[in-house]
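Engineer: Protein sequences, first through last, are from chains A and B. If you count by the numbering used here, then the first sequence holds residues 1 to 228, one letter each, in order. If you count by the numbering used here, then the second sequence holds residues 1001 to 1084, one letter each, in order.
Keep in mind that a hint or two might mislead.
Computed list of lysine to aspartate or glutamate pairs in EDC-like fashion (alpha-carbon distance at most 16 Å, straight line) [unchecked claim]:
(1) B:Lys1059 <-> B:Asp1036
(2) B:Lys1041 <-> A:Asp178
(3) B:Lys1023 <-> A:Glu106
(4) A:Lys73 <-> A:Glu185
(5) A:Lys80 <-> A:Glu106
(6) A:Lys118 <-> A:Asp178
Because the hints were derived from the structure by calculation, they are not lab data.
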Amino acid sequence: MKFAVIVFPGSNCDIDMYHAIKDELGEEVEYVWHDADSLEGFDGILLPGGFSYGDYLRSGAIARFSNVMKEIKKAAEAGKPILGVCNGFQILLESGLLPGAMRRNESLQFICRPVQLKVEAPHTMFTSAYEVGETITIPVAHGEGNYYCDEQTLAELKENNRIVFTYAGSNPNGSIADIAGIMNEKGNVLGMMPHPERAVDSMLGSSDGLKLFKSIVHHWRESNVINA
Amino acid sequence: MYKVKVYVTLRESVLDPQGNAVKQSLHSMSYKEVSDVRIGKYMELTIEKSEKDVEAQVKEMCSRLLANTVIEDFRYEIEECVAQ
Chain A
1 MKFAVIVFPG SNCDIDMYHA IKDELGEEVE YVWHDADSLE GFDGILLPGG FSYGDYLRSG
61 AIARFSNVMK EIKKAAEAGK PILGVCNGFQ ILLESGLLPG AMRRNESLQF ICRPVQLKVE
121 APHTMFTSAY EVGETITIPV AHGEGNYYCD EQTLAELKEN NRIVFTYAGS NPNGSIADIA
181 GIMNEKGNVL GMMPHPERAV DSMLGSSDGL KLFKSIVHHW RESNVINA
Chain B
1001 MYKVKVYVTL RESVLDPQGN AVKQSLHSMS YKEVSDVRIG KYMELTIEKS EKDVEAQVKE
1061 MCSRLLANTV IEDFRYEIEE CVAQ
């Protein structure tokens, strides 16, 4: 399976993402610059964390108009797996690929530490390797991760099991319904604030993030490779 | 040409943690009369005159980029002036 790591001016988790896929997962991966015209040949798309365009105006607001976003929209419609982490999640929200918006953390502080997450939706292409209700440890690192959506959207997210991860125990940023990650209606676009690519080796404190990437590959093999 | 002032604020239904922190600070400075503080953004745009309707353009810019209407409201003032 071949992944694209999209690089915006100001991305800073792109190398971690690349490392997770290449060295820990053992799959193909390439960096793709934000002005690329095509994402042909890629089976999965990863939007890494960082501060695209310096977070000017709002996090993700300017990146959303990058040339490559047209291709990402097409890939989303085609059902390809798309994962946005942290700033990547913020870009998916600004672009309308996922509903809602981010506010500053309730504490107004930048939070950088491992958190406990509950896997709320284990039967997705991103979470099939996790157990039902499993609690995992993945680090967060953000100043604007306080997820917000209106009541109608929240009800819709709940009803269709689109809340994929919630913060277990304490909520670090004040997000509505303890939301840490949500997916689109089709189930192929996931946005999450915690960084699974930073939790792929027990030497780094946790390898719980690796299962997320393994789930994506597993799903892709099942639907694309004969005799998988 | 036009000088346009754009004000973007969090919607009333959305909690403003920055505004709350500033309000508390004002209270601790004994400005107890302050009942609410909302923090927003202020932008100045200079727009050349064209055949396009300036107000429609500003509105579109606000809703597409300058504000995120999921959590923010915007308002604007448009002033026509002579280029110097």
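Engineer: Can the restraint linking Lys118 of chain A and Asp178 of chain A be considered satisfied, given a maximum Cα separation of 16 Å?
Structural biologist: holds, 10 Å
Engineer: Holds or violated: Lys73 of chain A with Glu185 of chain A, Cα cutoff 16 Å?
Structural biologist: holds, 14 Å
Engineer: Does the structure keep Lys1059 of chain B and Asp1036 of chain B at a Cα separation of 16 Å or less?
Structural biologist: Violated - the C-alpha atoms of Asp1036 of chain B and Lys1059 of chain B are around 27 Å apart, more than 16 Å.
Engineer: Can you confirm whether the C-alpha distance between Lys80 of chain A and Glu106 of chain A stays at or below 16 Å?
Structural biologist: violated, 34 Å
Engineer: Holds or violated: are the alpha carbons of Lys1041 of chain B and Asp178 of chain A at most 16 Å from each other?
Structural biologist: violated, 28 Å
Engineer: Is the straight-line distance between the alpha-carbon of Lys1023 of chain B and that of Glu106 of chain A 16 Å or less?
Structural biologist: Roughly 15 Å separates the two Cα atoms, so the pair holds.
Consistency note: the structure conflicts with the earlier hints numbered 1, 2 and 5.
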